[in-house]
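The listed protein sequences correspond, in order, to chains D and V.
Position 344 of the first sequence, counted from 1, bears residue number 1751 in the working numbering, the numbering being contiguous throughout.
Position 212 of the second sequence, counted from 1, bears residue number 1619 in the working numbering, the numbering being contiguous throughout.
It is possible that part of the hints are untrue.
No copy is singled out in the list; a pair is fine if it fits within one copy or between any two copies.
The calculated lysine-lysine pairs, modelled on DSS-like cross-linking and capped at a C-alpha distance of 30 Å, are [unchecked claim]:
1. Lys1732 / Lys1552
2. Lys1752 / Lys1413
3. Lys1725 / Lys1552
4. Lys1506 / Lys1413
5. Lys1410 / Lys1420
These are computed hints drawn from the structure, not numbers from a lab.
What you are looking at is a predicted structure, and each value in this text was computed from that prediction instead of being measured.
Number of protein chains: 2
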Amino acid sequence: MYKVTKPTLLLDKKKAIQNIKRMVEKARDSGVNYRPHFKTHFSKEIGEWYREEGVKSITVSSIDMAVYFAGHGWNDITIAFPVNILQIDVLQHLARQVKLGLVVESSDAMGHINQGISDPVDVYIKIDTGYHRAGIWHENAVEIKELITTIAKHHQFMGLLAHFGHTYQQTEINKILSIYKTEVSALNQLRDQLGTDMMISIGDTPSCSLVESFEDVDEIRPGNLIFYDVMQAEIESCHYGDIAVCLAVPVVAVYPERSEIIVHGGAVHLSKDYLKDDKSQAYFGKVVSLNGKTWSEPLDDFVVVSLSQEHGKITVPKGQIEKIKVGDLFGILPVHSCLTANLMKEYMTLRGERVSTLHQ
Amino acid sequence: MYKVTKPTLLLDKKKAIQNIKRMVEKARDSGVNYRPHFKTHFSKEIGEWYREEGVKSITVSSIDMAVYFAGHGWNDITIAFPVNILQIDVLQHLARQVKLGLVVESSDAMGHINQGISDPVDVYIKIDTGYHRAGIWHENAVEIKELITTIAKHHQFMGLLAHFGHTYQQTEINKILSIYKTEVSALNQLRDQLGTDMMISIGDTPSCSLVESFEDVDEIRPGNLIFYDVMQAEIESCHYGDIAVCLAVPVVAVYPERSEIIVHGGAVHLSKDYLKDDKSQAYFGKVVSLNGKTWSEPLDDFVVVSLSQEHGKITVPKGQIEKIKVGDLFGILPVHSCLTANLMKEYMTLRGERVSTLHQ
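Using the sequences plus the hints, can you model the full thing?
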């Protein structure tokens, strides 16, 4: 039993462990390494749940997060973010402590790493296969080849690392699977062209959740799947029943005349990430009911229509509003669980235990 | 001189104090009480800057924030958020410590307060004058009158509290001033109808920044104006030069071929709040240059086009991209400074001093 008196991020440990297990098994069956992204939960305790499933290598998104997990017994850490050369001294220190993986995409950054980090580190080249956020365009084989030479001077060139971030913008399973197929094929073509021994590491939650097995890659890095969220459920990477976190929010005002309630649960709890419904109406999460033990499937026609700093405004179906009183609790399944977890800084399990993060 | 190696929220103390002084003086000249909202900065150190200008009463948006400031010498605190009755025991404790102001909008919530808080507290009725987020509709004088009776049984009825939140959606000064005029007039009509002695407390940053003086109200509560932000500059509540916080971000990747850079500065630093430009293109802040001492006016044609968890993508004018290298620093003026401050958890002044918040 959990007891909540203010906005609290509930965590269903059983679902989270099921989500971890599912991916660990699929990776094992496919013969690929699973290096989960810990930017979703950033919690030393939750890290242990992965460890119990045999996970030994992790991904993080910032140097600070790497320092935190290095301090909690993780000694194989890839920072899947272009190297911030202003923190090179911290990286040098980390490289002495753990097997450190860095991601580069320019000879400029690599020059700084060669100068600033004397202990050998594992270096991946970030490849852009179509998302156009970061990475070298996959057709630039000459530039990539030169970069491999610069890397190999002082460090260990590991392989090609990509993130198919545009799968998050899809709503059809076939389109996600098609992106996965095209991009993995582009990475393999590039590997063939380069003619060197190297691994391929990929990592978005939508495609990793949806493919049957991981062909032609060596490592997967998805992180969001431990919690999933409304975005993933809408993409159909998961079912609503797989979502493992839920923001419990107290009702603080009820407006029968306009069928709305105000809850204590706003942008500082959920983040401002939103999705749009069939009518192009933005919504900021899905409402569920709470019973002190678990939470329900999303309630029909309850809509989180707006968030301000601390307020959440929810529209309620006509027949329901009369039953709602101040002091009632609802749950909101977050649109984007990584951002909600970052804001909430700690979790409460369904048994009422607190789980900390690097922020708390 | 400040020195930055990772995403850091710079704070120009001089500008912040100027912003405070401007409002303190306007309030004094108008003969109204200034009860600044501390939800923008939530910092005990920054609270002292207000105290040095003679401010004695404050507004907060959550019970936790009230507890924090009560612990740091503030003894006249209004929680301008509908009472969360699940935390009534914390409120009872606070009521013994400080002069506590609560905001109610239903006899249901007031019943819980009467039952759960034995020490007398100051109670304001939240009035909706047009924003339609929280509050009793200003024309419901009968309901309001009944609530005053319920309040007066055990506690001190203080007056009417309103927030003209729809001023944030305006882009013309005249429209903001017109909202202010209409709503203040509605509150005064209501006061006349109720025929009891009571104060009127209002508080949005746009109208409080733009009106010449505060006629027909007794208290103002704006908070955002200490920092201001891009939203306020676009509304013209302030000039860009008044904005007192700026997120310093390191460049981690440069793409001359598409005139874009990636900085370490994403949704976990800035929040996902955005504005739209003339072409309906969303942007997530305004880019400025940094020189180790202060920051510039917004740079023309630099656009923060997207944010993911840690990445910020900025488009750069053609002639400029060649000059940018990894390891350079830029600044981003936040769209919504309250949310950015909440995420960053601490500030660095232009002299390099750290300023803490209730989160750190």
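These are the hints, each one checked on the structure:
{"no.": "1", "hint": "Lys1732 / Lys1552", "in the structure": "between (65 Å within a copy, 21 Å between copies)"}
{"no.": "2", "hint": "Lys1752 / Lys1413", "in the structure": "both (14 Å within a copy, 20 Å between copies)"}
{"no.": "3", "hint": "Lys1725 / Lys1552", "in the structure": "between (64 Å within a copy, 27 Å between copies)"}
{"no.": "4", "hint": "Lys1506 / Lys1413", "in the structure": "between (41 Å within a copy, 22 Å between copies)"}
{"no.": "5", "hint": "Lys1410 / Lys1420", "in the structure": "within (16 Å within a copy, 41 Å between copies)"}
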